[in-house]
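Each protein sequence line maps, in turn, to chains A, B and C.
Start counting the first sequence at 1287; every next residue gets the next number (our numbering).
Start counting the second sequence at 6; every next residue gets the next number (our numbering).
Start counting the third sequence at 7; every next residue gets the next number (our numbering).
Honestly, I wouldn't trust all of these hints.
[To be verified] No farther apart than 25 Å at their CA atoms in a straight line, the calculated lysine-lysine pairs in the DSS-like style are these: (1) A:1430 with B:327; (2) B:10 with A:1398; (3) C:281 with A:1343; (4) A:1430 with B:159; (5) A:1430 with B:10; (6) C:227 with A:1363; (7) B:159 with C:281; (8) B:207 with A:1430; (9) A:1363 with B:207.
It is worth saying that the hints were derived from the structure and are not from the lab.
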Amino acid sequence: MTVTPLLQISKLSKSFGGVQAVSQVSFDLNEGELLGVIGPNGSGKTTLVNLISRFVKPSSGKVIYKGRPIHSLPAYKIVRLGIARTFQMVRPFYQLPAYKNMIIPLFSPRVKGLVGGKYGDRDAVALDLLEEVGFERDAHVAYKIAGALPQGYLKRLELAKAIALEPDLIILDELFSGLSLAEVASIVPIIEKLRLQGKTIIMIEHRLKELFKIADRIIVMNYGEKIADGPSSEVMEQDEVKNAYLGTE
Amino acid sequence: MKKRKERIDRGIKVRSEDVFAVCSWREMLYLSSPRWLPVFIFLTLPLLLGPYWQKVMLSVAVFGLLAISWDILAQTGMISLGQALFFGMGAYCAGVMNHYFGISPFITLPLAAVAGGAISTLLLLPVLRLRGIYFSMVTLILPLMLVRVIEATKIFGGTEGLSGMTPLPSIWIEIYLIFGVLTAALFGFRRMLTSDFGLVLKGINDNDRSVTNAGINIYWFKIQALFIAGSVGAFAGAFMTHVYMFVGMPVFALDYSILPIAAAVVGGPGSLAGATLGACILVPLSEVLRGIGGLRIVFYGAFLVVFIVAIPEGLFHYAQRKYHQFERWVEVEK
Amino acid sequence: MLAGTAIYAIINSVILALMAIGFNLTFGISGVANFAYGAFYVLSAYATWMMINLLGFSYPVSVLLSILITALLGAAMYRFVLMRVRGQALSEVIATFGIGLAVLELFRYFGFVGFEYNLPVFADYSFFIGGAFVDMQRLLIVAIGVVLVLGLWVFTHHTSLGLAFRGIAQDERTALTFGINPDKIAMLAVAMGAGLAAVAATVIIPLGTISPEEGYDVLIKALAVCIIGGLGSTGGVILASFVIGFAERFTDSYIGSHWTMIVSLAAILIVLAVKPSGFFGKQKELEERI
């Protein structure tokens, strides 16, 4: 018996006015897997995320999720099916306290019925979720205005917003970028916990060392194409990958 | 010696933010007087005024509603330059229902509010998919073009308009009806905007990608906001039709677009109470200035520019700050 | 009949394009939607009129001076009002709208309305082309329209200032890193938009009279053309001008002049429903500027 992959991507392409940002990328993703996507700057990683979450319309190709084509659905419907993503550039609602930032994902039709909506029920759920990603409740960090929070907390907030949607597939777009080693070290356990809950995760990363510790499988992209795909220990040995990262000699 | 102003929350505000406020009459009064005072004024003022100023109060309420409608849209990120569209739609809906079918004003008012809001929403539907300036542009030109359409096709009485509407039974009913609606709209929509639903609307204004990313269809929420705001404006229009017993092309006039914006900007954009406050100041002021005729609109224009550049927070936020905080001068540390 | 209508439709289209091009240029470069555009149009016409009739200047001097004055006023509006509220869409829209309103209503208040408020035509004779009389003024409008569009194209593609303009239009931050001062460029863009409004007024006003109404009218037409063409796209403006221009003129001749406004309105609504960003809207729906 073969297991149907959770996400199947076949020959996905996108060009921006002649520039091929993503070309003919195909891969499958099984349930519970943690896939890392790496590649030099401008290799099309973020565009790939945008194509899956449909913030950008694909030029051609298919995205099939749970056996159902989703590449022609609008972005908000894709989220409702259970694909949540974070943004590389965090842009919270700066004037609101951190926990109020969580209200919008909690208002989403996907989880609206689960959290209750009377007399600040959502606020309570929001505080719980934030504690889960490391907003210490005793220190009242969650009540601070988002604009006053340091980058590390904003990234956690972004992660919490994705978790709040109770997704099956989480796409993390450069979650670790701009964070210190200690901060990364404190976020890694949260991701591992998500895996134990059975979530499928795609991580776009530049911090290879941290990524390789937790990823099951790595895809390497260069110039919009997938140049390698395999277990984390093997990919970096391939010549093409070395060339992409270190330049051809 | 350099000094700077320090603003500190009043003790009573800090204390009364807790539930314990109900333990003290003083604190309850502090909390509730900003709400009760305007209601009390609306209730008693008509009794003290003569017929002329009673009519002015009707205008205050109507423009207050239009300003509230503008502010709901502005908080959702849609800057309307054509409140006259909503006003005129409501006015014509009520006029047509009453003139051709003889329906009583008490039925045409709510019906016209809903129908006017729905038609305006339908007309503006295509623009909702775009951000920013398109909405302003389309709202500005729609009422001005609709005037010419009515002029050209001679529908609904053409340039003559429709007259002979049934008036509301008495001035008292008119006044208390419109002020009832104004108060309900002010407090009701204020509450709506602070609820989770309102947070989503404000989120769309702030960062719509993030809202989409929460699985929320922003167009559907924009449509809801537009319909709510449109209905509020349409109610004001329908009401004026029955007061003037006439509906015609002037209902799409620029005045109905500009005065509400001026009111909201002067009162304080981003708060419905500010919009109402602005209408309460500007409408009587424009009555006083009636003598200078066309120059009034020049003043509105100038008001808009001065307030938006120099006092962007508006009067309401200023008053609110004075109420909740006190100030003192402290030395600047070197 | 057909040829005559077609000729007048072309003229009408060029008039529309002339009216819209300044608004479009300003928006395309600086992102400022100048709702005082109609006011600048009327202001320049009154300025020319006053210089000719009250100060006794010669016609060419008056025209050049008034174009210059209008452009300077545009720059002043940017420097003293818009710069303070830069980047806040709400404030920009309301500030320009308020200025336009105040200027137009001020003219109305001082009673600048009537047939005597008119600008001279360049040359007063007409031709007989394709079964219709066409006067020299209208032919000149077409010629000036073509020259202006070509001139703008050369300017934006082959001069360093024009290239800086395009740089700002594409990405303000990147342009900043190349040492282009966005405020200066935006000020120039607003000034040029105002100047173009003055040029349009100089050639178009002689066909009618100057009145504050004209200001609102020009703003509506400029907005309509830009909405249909797609904001910030010169090609879109030209195409949209021709679509509306032909539609209006042909309805006028074959259906009745009552219907012209309805045709424009319907055109706007249909285009918006089918393609919300206009024919050549540069920005895609979610990436919309502002």
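Keeping to a limit of 25 Å between CA atoms, is the pair of residue 1363 (chain A) and residue 207 (chain B) held or broken?
-> holds, 21 Å
Is the straight-line distance between the alpha-carbon of residue 207 (chain B) and that of residue 1430 (chain A) 25 Å or less?
-> holds, 19 Å
Is it true that the CA of residue 281 (chain C) sits at most 25 Å from the CA of residue 1343 (chain A)?
-> Cα-Cα ~16 Å, so holds.
Take the C-alpha atoms of residue 10 (chain B) and residue 1398 (chain A), compute the straight-line distance between them, and say whether it is at most 25 Å.
-> violated, 45 Å
For the pair we were handed, residue 1430 (chain A) and residue 159 (chain B), check the Cα-Cα distance against 25 Å.
-> It is violated: about 60 Å lies between the C-alpha atoms, which goes past 25 Å.
Is the straight-line distance between the alpha-carbon of residue 227 (chain C) and that of residue 1363 (chain A) 25 Å or less?
-> The given pair, whose Cα atoms are some 38 Å apart, is violated under the 25 Å limit.
Restraint check for residue 159 (chain B) with residue 281 (chain C), where alpha carbons must lie at most 25 Å apart = violated, 31 Å
Quickly compare the C-alpha distance for residue 1430 (chain A) and residue 327 (chain B) to 25 Å and report which way the hint goes.
-> holds, 24 Å
Straight-line alpha-carbon gap residue 1430 (chain A) to residue 10 (chain B), limit 25 Å | holds, 24 Å
Checked against the numbered hints above, the structure violates hints 2, 4, 6 and 7; every other hint is satisfied.
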